[in-house]
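Residue numbers (the numbering used here), protein chains in the order written: chain A, 1 to 288; chain B, 1001 to 1275.
Heads up, a few of these hints could be off.
[Unchecked claim] Label pairs and their calculated CB-CB ranges:
#1 270(A) / 1201(B): 48 to 54 Å
#2 18(A) / 1226(B): 36 to 42 Å
#3 1003(B) / 185(A): 34 to 40 Å
#4 18(A) / 1247(B): 26 to 32 Å
#5 131(A) / 1124(B): 53 to 59 Å
#6 194(A) / 1160(B): 53 to 59 Å
#7 260(A) / 1217(B): 57 to 63 Å
Hints were generated in silico from the structure; no laboratory data involved. Glycine is no exception: its CB is placed at the ideal position from the N, C-alpha and C atoms.
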Amino acid sequence: MPIVVKDLCFSYKQDTPFEKKVLHNISLSIKDGEFVGMIGPTQSGKTTLAQHFNALLAPQSGSVTVNSDLTSDPQVDLVGLRLKVGYVFQNPDYQLFAQTVGEDIAFGPQNQKLGKEAVKERVTAAMDQVGLDFDTFSKRDIYALSGGQKRRAAIAGVLACKPEILILDDVTAGLDPRGREEILTVIRELHQKQKITIIYISNSMDEAAELCERIVVINQGRILLDGPSRDIFKESEKLRSIGLEIPEAISVIEKLQERGFHISSIPLNLEEAIKYIAGAYLDREAKR
Amino acid sequence: MELTKNITIGVYLPGKSFVHLLDPRTKIIASGIIVILLLLIRSYPAYGAVLLFLAVAVLIAGIPAGYAFNGFKPMLPVLIFMWIFQLFLYSSPEAKELFSWWIFTATDAGFHMGALVTLRVLFLFGVTTILTLTTSMVSLTDGLESLLSPLKTIGLPTQELVMTMVIALRFVLILAEELDKIVKAQMARGVDFDRGNFIQKTKKVFPVFLPLFISAFKRAEELIIAMEARSYTGGRHRTKMKTLHMGRVDLEAGLIMIAFTAIIIYLILTTVPPI
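This is chain A alone, in the form it adopts within the complex:
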């Protein structure tokens, strides 16, 4: 299910004195099986853009096509489309409402009018995908979960609808390092094992570098950069100028380059950085 966005513009509170233009002529396409990071400072329009991908918002001008269906076409089954393009919101409290974890995850499949057995199967599979044990957690009270567990339950609730594309809207915000790591592991596995297309919205460059193959940088409602992760991080000046942090691994390499070390590759994570630094160090030793 590819997504193609053409010349998309959007304003909140259109035709009121509070009208605020948040998207300016966005054109973008996302292919099957991609892992795309949508990165930008807060209020840059990332969420607004992503909500167009599953027709939660309809384009005011321009077009959004999901799997050759125009989201602005009244003939298109938008409910079906939303189930195919899963959207996990930043705050799990907006989504979780049932008494137990199991009931809440079953909500999506029940809306699809599946039978009891099929629903249970979906719930079990979804809980397994996010690493929540069915026997331990399915009967547990939603409000007894930790922050990280809540996020995982929210992701499972969307996965239970069997989406082909998964939009994750800043799902690690406000989590402690362990909770964050748990979520990132789940996401990585989803992409590798299930081959789900993932659109990862965040303002953390470190996470984007670690996870994504392609990064789209959005600033003030416009696409600033779009390309493979390594190419994006070559533009460190541009990223800093809009207030984004450079991944730590890369800024360490940059500092070493300033001090005369010769390192030409850009690392995307700590392991790569260590490899390059060790290489450069050994090179220098050998020259002595």
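Chain A is already provided as a structure; the job is to place chain B on it using the hints.
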């Protein structure tokens, strides 16, 4: 889908117009007078006069007419329901029958009663909308507090009451924004809010209102802590950084209000009510 777009309650539209410059107390008293007049009015010409007055106020305040009108949209179903209710259930001895259907009979008296009641609600909403659109939360609080201060002598906690009211008003918009997110989160899981019969639609309310209530309580608690952290104790010992002053504009507004009230009272006394 954007839920907050048409909400005009609790929204302030900054400006420098005559209406904006008025002391909040002037505006509150004027609104109060109009509300009382609206409760007395029973004829169409008098409503026409109020409409003219409010239209001029909207024009002077620079509120875009379309925007002001949009605020009424969500109320329309309720108003239509109210009107139909009056149409069939209100009757007087000399009423003429318009048409009848099953056990219901519509009379001209019911028709006019429905129209008058609907107009009254519309105008009451209009007056408060103009007041909140042209008055910031802070001055609204200050104004109300100052007006209610005589009640302090009989031991009424006016400051706390006003604070509570203003927070409630402020929360309308915050909760609407949250509602927007929650509705979207559930739509993303295949809820179709447009389809289904009444019972099916009612069932769909749970996944939305549960998270909304929980988040409202959470927000309230956070607000309390934030206020306490800044040593808010409420009560009569609080002083104001900005004190209110009545000026020339308020005198002018007062004169306009006296003239307006006279006209409306004249119309109330001279025009014949339809029922």
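Evaluated hints:
1. 270(A) / 1201(B): 48 to 54 Å: holds (52 Å)
2. 18(A) / 1226(B): 36 to 42 Å: violated (25 Å)
3. 1003(B) / 185(A): 34 to 40 Å: holds (35 Å)
4. 18(A) / 1247(B): 26 to 32 Å: Check passed, 29 Å falls within 26 to 32 Å.
5. 131(A) / 1124(B): 53 to 59 Å: This hint holds: roughly 55 Å between Cβ atoms.
6. 194(A) / 1160(B): 53 to 59 Å: With a Cβ separation near 55 Å, residue 194(A) and residue 1160(B) satisfy 53 to 59 Å, so the hint holds.
7. 260(A) / 1217(B): 57 to 63 Å: Holds, since residue 260(A) and residue 1217(B) (Cβ atoms, about 59 Å apart) stay within the stated range.
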